[in-house]
Each structure stands twice: as C-alpha cells, then as structure tokens.
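Using the sequences provided together with the hints, build the complete structure.
Here is how the chains run, residue by residue.
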Amino acid sequence: MLTYAIRRLLLSIPTLLFIALVIFLLLELAPGDPMAQVPLTVPDEVKARMREALGLGRPWPVRFGLWLYQFFWVEPMVFLDWLTNSSFLFGWLPDTSFSAGMDRVISWQTRGPVMDLVVQRLPQTLWVVGMSYVVGVLIALPIGILSAYRQYSVFDNVGTFVSMVGYSIPPFFSGVLVIVIFSVQLGWLPSIYDTTHVVTDWASFKVQVQQMILPVMVLALQTTAQLSRFMRASMLDNLGQDYVRTARAKGMTEWVVVLTHVLRNSMIPVVTVIALGIPAIFGGAIITEQVFKVNGIGQLLITQIQANDLPTVQTLTFIFAVLIVMFNLIADLLYGILDPRIRYD
Amino acid sequence: MKLRTALLGAIAAVATAPMVHAEAHEGERGRDGEVRILYWQAPSILNPFLSGGTKDVEASSMILEPLARYNPSGELVPWLVDEIPTVANGGVSEDLTQITWKITPGITWSDGTPFTSEDVRFTWEYCTHPEGGCAQGAKFERVASVETPDEQTVVVTYEGPTPNPYLPFVGAESPILQAAQFAECLGAAASTCTEQNYNPIGTGPFVVTDFRPNDVIQMEANENYREEGKPAFQSVTFKGGGDAAAAGRAVMETGEFDYAWNLQLAPEVIAQMEQGGQGVPVAGFGTLVERIMLNHTNPDPNLGPDERSVVGPHPFLQDPAVYNAMSMAIDRPLLVEIGYGPAGRVTCNWVPAPEIYASTSMTCDTQDLEGAKAMLEEAGYVDTDGDGVRETPDGVPMNLLYQTSTNAVRQDFQALIKEWWEEIGFSVELRNIDSSVFFGGDAGSPDTFQKFYADVQMYANNFPGTDPQAYLGNGLCGNIPSPATQWQGENITRFCSEEYDALWAELAQTADIEERGRIARELNDMAVQGGMMIPLVDRGRISAHSNSLGGVDLNTWDSELWNVADWYRTE
Amino acid sequence: MLDAAPAKKPLVEVRGLKMHFPITAGLFRRQVGAVKAVDGVSFDIHEGETLGVVGESGCGKSTCGRAVLRLYDITEGTIRIDGRDIGQVPQASLRQMRPTMQMVFQDPQASLNPRMTVQSIIQEPLDEHTKMSKAEKREKVFQLMDAVGLNRRFAGRYPHAFSGGQRQRIGIARALALNPKFIVCDEPIAALDVSIQAQVVNLLEDLQKEFGLTYLFISHDLSMVRHIATRVAVMYLGKIVELSPREALYAEPLHPYTEALLSAVPEPDPVLHDTAERIILTGDVPSPANPPKGCNFCTRCPRVMDICRDIDPDYREVRPGRYVACHLYNETQDQTAGTTAAPVEEQEHPTRRVK
Amino acid sequence: MAETAPTVLDVRDLKTVFRTRSGEVHAVNSVSFDLKAGELLGVVGESGSGKSVTMMSLLGLLPMPPAEIRSGEVLLDGVDLLKADARTLRAVRGGKVGFVFQDPMTSLNPTFSVGFQLREPLRKHMGMSKKAANDRAVELLELVGIPDARERLKDYPHQFSGGMRQRVMIAIALACDPKVLIADEPTTALDVTIQAQILELMADLQSRLGMAVIWITHDLGVIAGIADRVLVMYGGQIVEQAPVRELFANPRHPYTAALLKTVPKVSGEREARLTIIEGQPPMLTAHPTACPFRDRCAHAFDRCERENPARYTVGDGHDAACFKAESGDVMPEAAHA
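Protein chains in written order, with numbering that gives the first Met the number 0: chain A, 0 to 344; chain B, 0 to 570; chain C, 0 to 354; chain D, 0 to 336.
Rather than coming from a laboratory, the hints here were simulated on the basis of the structure.
Note that this is a predicted model, so its numbers are computed, not measured.
Built from N, CA and C at the ideal position, the CB exists for glycine as well.
Treat the hints with care, as some may be off.
What the hints assert, rightly or not - Pairs of lysine to aspartate or glutamate residues, derived as EDC-like cross-links and limited to a Cα-Cα distance of at most 16 Å, are as follows:
hint, chain 1, residue 1, chain 2, residue 2
1, D, 264, C, 220
2, D, 153, A, 338
3, C, 139, C, 127
4, B, 372, B, 354
5, C, 180, C, 209
6, D, 264, C, 246
Stated by the list, open to error - Sample of chain B residues with no beta-carbon within 12 Å of chain A, all distances over it, derived:
hint, residue
7, 77
8, 228
9, 391
10, 409
11, 443
12, 503
13, 547
In structure tokens:
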C-alpha cells in the first residue's frame, strides 16, 4: 500500500507539471487583457507601461519558468519561515528567513502574494462550503439508504423528486429565492456573509450560524441530491446480492441486515465519491459564494478571471489540480482500506 | 465656474436635502458607530496609482487625499491647501508653465507625522518612475519638475504652457502618498510593497485596520484627522462582491448596508427595490455619454487587414444627410426610459458637462422618421432595386454593420435602433463582442473597438476631471489608430479635419476659463455635426443609501465617497 | 491399442505453448513473477476430429484455447494452423487468417451484443471479411440460421428474446459464418440446463459432420467431453498431464490425476455410486503463480513419490497415441502402468479411497 | 432410510407467484412434500423449475414484493411458518433451519471476516458471549475440515479457496444445530474434485449430526450419490417423488425418464448420440390448467392439454404426476387445483 502510494505520488509529478503548463498556455492564449478593467480614461501608453510593469513584456516560457520557481521553491520557503516564526507548532525553532529577498507569486490585480489571498479566503470557504458538504452528506446517506430499502415507495418517490429539484435548480436561482424569502420577506437571516465576523461567545456564534444557514442550505441541497442518488444506487446494488440473503437466512433482523451487512458494502463506492468531492470544497462554490457574498476561493477565482489576473488564476487552478490528484489518490487508497478484497502493492 | 444646479436631477435633489442638515449635525468623533458600505465590485488594492479601477480609487479616497478635488458641481475645491492657485491670485504663472500650491499648515498623517511638501514631491517621483507602471501616469505627463522650496510649498513646473494645470495632485485618482511609507516602493519594487499597497497611511478621515483584497476593508476613524468632531463614524465596514442587484437589495430592501455604489440596474428593478423602504437611490450626472461612433474609413472585409478601416473613405457615412438622418431616426427619450431610467438623460453632445463646456446649440429629443427619409431621398439615396434597402448614387447598398460590447442594455438599444434605421431604408446587421475583448486593446484581435471593423459601433466614454481638452483631442487627425501605431490612438472614428485640429491647438493655448468654454463648445459641435458620432444618452450614476445615513452628496467628478468625513447617522 | 484415426494429417500443431501473465510489484512495477496460466503445452489436432480439453477451473484450459487462436500474444511456443505458423505473427497480419479459425464462447448472454439483432450479429463477420452483396449476406444468414436450428423469422429479434440454448445457437451460427475449418469451443454448454446441453452438443456434432469441422472442445464436464471428443487432453495447473484417445482414457486413465478426476464425477446411478471405489483428492489446486517444485500434481497426488517433489516429469508418449507426464511411467513404454507402477504408499498421505 | 422417522417439515399446497411488469409468473404451483427427521431429500430440476423458489418460500426469504405466497402451509414442529410473525421466522432461520447457497463467493459478505459472520448467528440465536461464540466458531470450522481454524477466523472470504468458502458456509448453516439444513445447489459452482470433497463432508456431517437435509441440485449424478429420496420438479410443480434407487431404476414420469437419458456418463457404454428433450421449458405466465410437460412429451395425448394431472401413487413412496400413472391412487393432499 505504501509503495503504491509512493508510486502514485511520483507519477503525479509529471502529470501536475503538464497540467500547470496546459493551464498556463490556456490562460496565455485566451483573449483578454489585464488592463481591460482600467477605465477608458487612462491613455493607452500608460496602460502599456502598466503591462510592462507586470512583466508581460517577457516571453511566455520565461514567465512560466518564473512561476514554477516561485510556486515550487519560493512559496515553500515562505511557508517554512512562517512555521518557524509564528506558528504554534514550530514557533520554538529559531526563526528562519529563507525567503528573504525572493519574489513571491504576486497577483496582478491586488499586487499582493497570491498564497496570502488563498490563506485569507480558505476559512470562509471551508466553513461554508465544507459545512454544507458535511450537512449534505449527513442528510444524503439516510435518505439514500431508506430510498433504496423502500424502493418505489412514497418516500423514495419524494426523494427522487427532491433530488431532481436539487439537480436541476441552479444555485443562482435557489440562492436568490431563499434570500428573497428569508432575508427580504421574513427578515430572519442576513443575505450578505460577513467574512470578518469572529466567533468569541455564544451570541457571536449564533450570528455565525445565522449567516451560514442560507448558503449552506443552498449548497447542501445539491450535495444531498447527488449523494443520496448515489447512495441509493449503491444500496440497491448490494440489496440484491447473495450475501444479503445469507444474512437473512441466518435470522438477522432487517436492521442488522441493512445497516451492518449492506451498508458496509454500499459505503465503499460512496466513501470514495465523497472523498473525490472534497477538492470541490477547497475550490469553493463559485456561484453560491457570489450570491451570498461569501468571498471565498470560488469568488476569488471568478473575480480574478474577470480581471485577467493570470498569476492568481494560474495558481488557484493549479492548486485545485493538485487537490484533485491528491484526493483521487486518497479515494483509491480508501477503497483499498475499506474493501478487504483489494490489495495494492 | 458656476454651480451646475441644472445638473441636479429630481433624485439628486433628494440627496442634497440631508446635506443641508449636515451643518447642524455635530458632535464627537466616532459618535455614530459603524457605517457599512457595499461596493459590488470589491476593491483589490488601496493604492490608486497601481490600479485604474474606480472601486480601488474610491475605496482609497477614504484614506488618501489630494491637494484639491472637485465638488458635486464640478468645481475645484481646496482640500489640503488653503486656496486654489489661479493666475489671478498668482498661484499660476502668467506663462501658464508653473503652479504653486500652499499646503494648509498643521495637517498630519494618520500616524501623527506632519504632512509636508516632500510627500507631494515624492508622489510625483513615485508615479513617474519608468518601471512603476503607474496608472495615473497621464496626469504627470507634462510635468517637468516638482520642487519644494519649503515644507508647505509645492511648485509644479510644466514642460510648456498648460492652461489646465490642475491635473497632478487633484482629484481622487491622484492623491498624496506618504514619502516615508513608500520610500522603498519605487519603480519595479512597487508591486512587492504589499503592506503599503494594502494599508497606505493617509490624511483622510479613516485608517485601514484590515484589508482583504476583493473582499472587505475594515477601517477606524483617523484619530489625527484635521477636523474636530469628524468623522462621525467610528468604524467602516467596506464590503465588496456580489452584483448590483444584491447590493441594491442589501441597502433598500434588507437594510443590511448603509450605502451601495453604482447600481447599474434596469430602471424598473430600482423602482421596485425602493419599495423596500429601507433606503433611497441617488443619481448624479457626469460626462459619460453612450454614443454611436461612425466609421470614417471603409471597413469592408474584402480589403486587407492593413487597408480595412485605414484608407479610403466610407462609401456613404461621411455625408451629413446620411448621419443626420440616422440621428433623426432615433427616439432618444425612449432609449433613456428603457435603458437607464433616472440614471440617464438625452444628450446631443459629445461633452455634456460641466455646464461651461456643454453646448446648447443642438436639439435631438424628438424622433422624425419621415424627415429622415425625406433627407435621404433628397440627397439621392433611393432604393433603386426595390429590395427595401437604399443605394448610394454610386449604387452601393446602404448596409450597416453595427457592433458593440455584450451588455443587456446595449443589445436592447441595438435592436431598437436597427428597427428604426431599417425603417428609413438601411440594412442593419448586429454584432456584439465580449467586453474584455472589445475594450481589451489586443492588437492581434480583429474585434477591438480600436480596429473598428464595422460601420458603426456603440459604447460609452467620458473624461476624468472637469477639463475636456485632452478628451476633445481624441478627434485630432494625429490620433488615428492604424497598423503603424499598433492600433493605438484615441481617434477611433478616424474623423479628421484641419479646421478642428487648428481650433484644438487654440484651446491648448488658452487659459481664460470663459474663452476655453467657448472653444470647447465649438469643437464639440464641429465633431458631432461633422459626423464623428451620434450621441445618445448622458449616463449618470445611481447609488443608494439607507434612510438613516445623512450627508451623502453624490459626486461624479471625484470619488463618491469624497465627503465621507461629513457622513452621519440621522436617527 | 492403436490410435483410432492416425492417418489424417494434423490441422493444428501446437508445440511448447506458454502463456505467462506477468506479476509486477514495487515502486517501479518490476516484474517479480508470472502467472503461468499455460506452461509448455504441445498437442496436434487432426482434421475433422475433436480434441477435448478437460480440467478444473484455473488449470489454464480456456487460456490455452484463446492462445491457440492468438487472442493473446503468446509467451513462447509455436502454433501451426493449416500449415501456417501463427505463433509469432503480428496481430494485424492475423486478420486474414481469422476466417479459418473461430470461437464459441461460454456465456452466450455476455458474448452477444444486446443492441444488435440476430441478423446483424451473424452477419458481422461477413461484413468484416467478405465482399458479399446485401442480398447474399441475408441469404447466408438465413442458411446459417437453418443450419443451427433457429427459425428464420426471428432474424430481426434481439438476443434477450431468446433462451440460453438459442443464444448459444446464435453464437455458433456467427462462428460458422466464414466457413471456418477450426473452431475453439470454450465451455459452450457450461451455462446451459441439462436438457439443453444435449441439444447443443448434438448440434455441434451434426455441424462437424456436415462442414468437416475440427473442434477444440474445452469443458470441465468429463461426461460431455467423453461424448463429443475423439481424443482428450487433461490439463492440470497449466500443463497437459495426459492426452489419449477417448475410449482408452475413460477405460483406463494413466495419470493419477485423470484417475482421480474421473472418479470424482458423480454417476447418475445410485447402484454404481454405492459400489464404485472413489478417490477423493484433498486440498486445493496450487496457485499458478507459485506452482510446486517438481511435478505440479505432487501436492495432491495419491501416488506421490520422492522424485515427484524434485523433478518435473516429461510429457511422453508412453503407449501408442497416449501421452502422459508422470514418473510412474519412467520405465519402458510397453509396460502396463496399472500393474507396474510403483507401489502406492498410503500411510502418511491424506488422500482417501472411499466406498 | 427409516420410514418410521417423524416428519419435521410438512409443506402443503404451496403456491408462489411473482408479479412482474409483464404479468404474473406462477413459479411454484401447489407443491406438497414432507421431510422426515434425518433423511436427505434431493430436489432435482432445471433452472426455472421452481426448486429454489419453493425452498426460499418456506422461510419467507423471497423479496416480497415482487414475490407473493398465494396459499399453503409450512409446518415446522407443528408451527405454520407462513402465518408466523417476523420474530418467530427470524428465530427459525439460522436456528432450526440452516441454509447453504450455491455460490460461496457471493453468499458470504466480502467485507466482514469469516469469524464475524460465523459468530453472528451464535450470538443471536444462542445468546453466546463473544468469547464463547469465538470458541464455538473454531469448533465449527474444525468440524467442516478447515485447518488452522482459530487463525483463519479473522480472514476474509476472498482469502479462502472456493471449496473452503463453501465449508465456511456450511459451518455457518450448522452453527445453531439446525433440525433442517437446506442446501441450494451447494456444489454447482465447484470443481468436480472439490465437489467430491464437499459431498463426502456432507455425508459425514449428516451421519454425525443427524439433521434432515433438503439438497437442491440439477445434477442427477449428485442426487444419485447423496439422496435418500428425490423430488423431481418441472414447471413449478413436483412431477415425481420416489426413493432414490426406485427413481433411477424405474422413472414413471416421462420428464424424469427423458432427463435420465440425456445425461452422458463417464463409465459404461457410451451413447452414439445423446438423447435430447426437444423444445423449451414452459413459461409460467398463467395458472396451469394443463400438464406443463405436454409440449415436450413423447406420450402426450389430448387429455394432457385439458387437464393438469394429479400426483398418482405408483409404488411405495413413489408417485408421479402423469396420466400414464393414473392407475395408482391420487396422493391424498397433492391434487392439483
């Protein structure tokens, strides 16, 4: 298993480098200009000078090489410095300054280090999108199990309908709908997420929960819709298996048959699907973040795409690529752990 | 300059009402707690020299201040100085090459250090560094030197006579940076000064406590602010992101925010939001004109890329009978109503404001389809082959390719205007192009507005500040974009007239404000009547504030937040 | 005892056929071993005869059948079919050979495309390999359906509308479409009910007579193989342990494995059952990735000798037409194995003979 | 075979129907039989003949819907299982009645250790502690001939060979000393040499433990070797019942006779050509009003079209559902409706 994991990790290096190059070239070849958002009142020669200052004058292989160097060498150094300077864990180590004098990956639009932006955006994204994922999973699993066990029952049909709704209604619609209902009409919940809110006591925790309810609800609906269908299908596959008949023939109660024997087997593919969905949490939910002004990673990506902020978009998409590759590996390893029939070597 | 009371529309009047009370509203600094501002485009940096974006300029205007700025009437008002230098008061030299600013004594930076002429000089140095990529470089273009005879005096010397010397250090786009803070950030280092760019030290009413790019800014009242009892708010939450509709909703319907910027929404949507009762929209008008540009060269695709829109006159668009008929066929009040509502007005001018520069010689607010047809008939444009499309006397069918950027209002306009023009005998083909491509300036793309590979194209443009001289310069023969200039140049329509060039040269030599107004109005008329463009709508800006926020005075000449120090809570 | 049909020339000659599947491990996927699915197999099949291949699951009989048709790239050995060596020929040039050799699969359900009609399934090889006109193809399909006993009216139906036996007939018709000489039948009756098995076997026999076909008939069902095969090869763990004419093999199995295998087949006769002596092997077949040293069967053999655990016995013709790989026949060929074989020592060995 | 042995299981007039989209399938039609203590009852028939469905119906192991038991009585120790509540049924399953299924690979749960699956019925039915259940599990594995039993408890099914897996299944079925063991094609998926091992094991276990066994198979060879008495099923009905030697020596139903002829043997005379039964098994889409075998029967006559024959007694413990056997008496409780 360890050898397998190491082998996969080694293999992912050329894959990721290739992905990085493809992303870079795609961004490079896409039409658009980082100066497009600068007002027309700014003369062209000033814009040209601004482009020059961003390094756009250099040929693309140089810029790609620079980005690689910054991402894979400078940023880890910065991270090391942070670890030794201000982190809990290694703060006792002598302070280092490996990254002193090095140029980090700088966003064209904000002129700040891209990784700082990412670190700044992660908490709200993880809170909101991550929580919605957890909520979605927790709701989806029981629904899927019960739908499969009572296939074609009223419950199953209602579940099918709700899933269809969840699948087909886009968050920019459902998001605005819940805002109109719960914020505008009823006035119960805020429509704008406060990213600076700090939870210090019970009251502020309540505020945090309140502002999370709407986006979490909208996102969880989607997760629930997809996962409950998947769980249902997986349960149905297993309910028809011979070992279920064996368990019943042993006189096991339905509870044990379904929740011990069938569930364990059904969870194997579902767990990997859940694991594969995790990179999407880090990626944020672009539309929902936009609708509720949860300015997380997704919102960052979309604004920087609009601003043609190549370094930021490149870095973000590459981080997503890394996460996807990693979680694919994790999903495969999980499969091996959960299913005793599978052994990697 | 006179007060442009005429510019204040019905809604703007509502906005000015609380301003009257502002004088009566006094008390301790920070007495009104928190004010919450929502910009649906989130600020990404607080250094206006590194970003041309309005959102960034306006956000930073709460912290950084210029020496002088414009008030809602477009008048120059002293800000960090005692008075506006003029030739009359000796502040501007007779030969128009030098301007001397006298800084008000006692002004300090938010960190408590004194504000001096050295900071001003440093700002010039900062923006003119060749590797810095300063977005406001144009403001400093003709500046030969900035000298500081003493701590309170700044002498700006121009390369030549400059009738409008109020460009550098004036307005929200050109504020003063603290020399001490930005000393290490010159040139190529500008981009790496993250801390400085995110948290500039200023003289304004607020200081940044937390800046999250493209998300939220938190500010506290500047304890060293020069005016006693101001600002009234102790803290500011400046949130960004989302869309205009959500921003309007948050102020007017849910009341979560006090101020929402630039609500580019359909008129009926704004009207509906107002029903929410939590806040009101306010409008202000500047120089932004939605117009149809007429191509003076032949964009025929059969010509090669180096000839297209470069050589050869357009087959019919230069005939006054043609473009006047096209203009007459347009129902501008209808366009205003469907497109902009209270945020738009009919205009026949290229330069619609300030009043001194706004020509009154033309009217265009009634549609006259019959008159237009008659005009074309008379000039010999008739439909000879019976296909419903007129031909020129040379037999060229009057086909128009009409392009613009992708935007719902513009596509509505395109559809209506196409209908009207087809009614008077043109054949119109519509095209829309993604705005980042259209305005992107990529010399390799055939779809930019500079290339103008179409007969007519529609967009909006305006000019910074109040002086139209540079803007009127867009019509000079020398500014025509072409392959030779890598398609750079502001004279998009390739309008070219010796008479115009000569008159503009005269403007550039004139200092007297009344005389400048006369020449500018004449240039405006010359351009419009010469078929450079068909102006459509003077586009204002609509923002909204909550019912409990007082002191808002919408300013389109400067930052909307120009007087944030005067804002207060009414209840 | 003479071979029943020695005069005919061999259509298929297989020599030293090996089919190893690599096992890789470690960081760099180095090959650490091989599953020796087929490990040095030699046999001839004469024209018009049926060679039955029997053995338990995992013994390599199906792999052998596929390897002979070059559905795999074989590891080692030569295969000659109809005088042409196809052992090492690249797949592309095998294409023109394909019409002469065809295959009938075990699971008729899985080997028929459920979205194709019977007509198109049977016609597919014709489309691939002939230039017949549409009408000709149609007529040919009808002839084939007649030959395998399918009603022409069902040509437009899909496989799911047929029973298992009928599906297997479709598979046979498809195999016959290009007038092959040689057909590998890989467990063609394993998935069928008893009463249907007999129908398919009879059909295969009729077709053999009618078209002069040569079969390699792979099955685990010894009684069916006895019925259909001319000669029978018994495989164990990738090797042929015995190859004999049918009558001789069933009457007097030479290899201890053959003997045990035959004795394990339950006879549908209660009287016989209660009287016959049965050999019950203990344990399981070893893994083909890790076969025992010496004779592959030494771990289960009731007559195992010391030599068996060291030396792999040669595969030799011990009597005319009878090939065996067993140390029991190390002496002269004309001695009768049953009587001269080394004495059977039973004391330690767990294999039991039961009544 | 002791004729005097008491009856442990008495099945009367069992009818099971499947409701499918294309209509009802009458899978089991008026099946009646009994099982005596300590005997091994073979049930033989081709796929679709209803042999498995009958046995699954006895203990409610069919998914309902689509299955539905229309009528019948299943008396185990005098209790009608078809009327019993779920709790009683569960106590019987795995307790008094053990099951062994065809494919040991799929019938064992792949994600639980063999020990877990063995302990489950012990803890449920016998209320054993985990430790006691573990010890008993080891005993059971040893009983079915699995070496290193204690170590192998924590292994998963895939780590066993096919034969060993089926031994595990048998151990599970025997866990609670059942009175009845129902084995549904337990050796079909195994190789002949392994099948021989399992058959030997079963014979041994039955003689040591003395439970009654119902052995379902399609292989007449297996039946001949192991059964005391045989039921032949065709088209959802029992068409013949006889002691094993009597059945093979003197089959009275044309189907049984034909089936015996189609099977080739490895010894004795080799047939020049296999005897075949022409045609296909019947579709059970309607309640049978005629003999299900009539279309394939060489002896069919017009009455076979009109009437479904009852099971006529033709000898001692021997009956056949064929008008050719009508001279005998009708089985008292087996008249087809």
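Contradicted hints - numbers only: 4 and 11
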